[in-house]
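Asks: This is what each chain is made of:
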Amino acid sequence: DQQVKQNSPSLSVQEGRISILNCDYTNSMFDYFLWYKKYPAEGPTFLISISSIKDKNEDGRFTVFLNKSAKHLSLHIVPSQPGDSAVYFCAASDGVRGGNTGKLIFGQGTTLQVKP
Amino acid sequence: DVKVTQSSRYLVKRTGEKVFLECVQDMDHENMFWYRQDPGLGLRLIYFSYDVKMKEKGDIPEGYSVSREKKERFSLILESASTNQTSMYLCASSLRGGRNEQFFGPGTRLTVL
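Protein chains in written order, with my numbering: chain A, 2 to 117; chain B, 1070 to 1182.
The hints are simulated quantities; they were obtained by calculation from the structure and are not laboratory data. Do not take every clue at face value.
Stated by the list, open to error - Derived CB-CB ranges, DEER-like: (1) B/Lys-1122 with A/Asp-60: 35 to 41 Å; (2) A/Lys-6 with B/Lys-1140: 33 to 39 Å; (3) A/Asn-8 with B/Lys-1139: 37 to 43 Å; (4) B/Ile-1129 with A/Leu-12: 23 to 29 Å; (5) B/Lys-1140 with A/Ile-54: 30 to 36 Å; (6) B/Asp-1097 with A/Gly-17: 38 to 44 Å; (7) A/Ala-42 with B/Leu-1182: 17 to 23 Å; (8) B/Asp-1107 with A/Ser-75: 20 to 26 Å; (9) A/Glu-16 with B/Lys-1139: 44 to 50 Å; (10) A/Pro-80 with B/Asp-1120: 40 to 46 Å; (11) A/Lys-57 with B/Leu-1164: 22 to 28 Å.
Note that beta-carbon positions come from the ideal geometry of N, C-alpha and C, so glycine has one too.
Please work from the sequences and hints to get the whole structure.
Replies: What follows is the structure in structure tokens.
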């Protein structure tokens, strides 16, 4: 039972345009969400996060939006650059309500290709 | 600079062999995790540990065991490797608590022949 889903395995955008990566979740106990970026042959690196008490968090070119009623979050990258080409994973945590274990549930990942 | 290191980048083992994957972190983190990454399946949690000598099963613990004798070191053990354990293995660590990012090592690409 996939609690965190990224339904688009891949996405291709032109350099300079907006990239929008989507993520859906089913567990209403999740209260903290993260995005990770992964290059081939490297471990994932943390990109940006959002708490369930917010609906938007911005860091430079990266913005994460959270729609709790729809159980949906998205990552916007503006403008997209060729160096952004990587696999992006969304992840969710149930925080205090889940016993504060620090566990994350990851989606399947979306491969982003930014074309020059 | 925070760091999580894994003992090998690439490993090739034979079916039935006992395999040890080592992970060391230098951030004094309480939590440590082992994942495997497979195409189309994302990162799946095998085991995690929130303290020395403590361990909890993740979503796919079958065929694996772990050991955490020291705070900085978390080992993943494949008691008898099988071909379906061919995968990318990723170790991560984080501070105690539910809202802390996990820091990942570079991964070990394990092939079981």
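Asks: The structure should be examined with respect to each hint, and the outcome stated for every one.
Replies: Status of each hint after checking the structure:
1. B/Lys-1122 with A/Asp-60: 35 to 41 Å: 37 Å, holds
2. A/Lys-6 with B/Lys-1140: 33 to 39 Å: 35 Å Cβ-Cβ, so the 33 to 39 Å window holds.
3. A/Asn-8 with B/Lys-1139: 37 to 43 Å: 41 Å, holds
4. B/Ile-1129 with A/Leu-12: 23 to 29 Å: For A/Leu-12 against B/Ile-1129, whose Cβ atoms are near 27 Å apart, the range 23 to 29 Å holds.
5. B/Lys-1140 with A/Ile-54: 30 to 36 Å: With a Cβ separation near 32 Å, B/Lys-1140 and A/Ile-54 satisfy 30 to 36 Å, so the hint holds.
6. B/Asp-1097 with A/Gly-17: 38 to 44 Å: 42 Å, holds
7. A/Ala-42 with B/Leu-1182: 17 to 23 Å: 21 Å, holds
8. B/Asp-1107 with A/Ser-75: 20 to 26 Å: Holds, at about 25 Å.
9. A/Glu-16 with B/Lys-1139: 44 to 50 Å: 46 Å, holds
10. A/Pro-80 with B/Asp-1120: 40 to 46 Å: 44 Å, holds
11. A/Lys-57 with B/Leu-1164: 22 to 28 Å: 25 Å, holds
In this structure, every one of the numbered hints holds.
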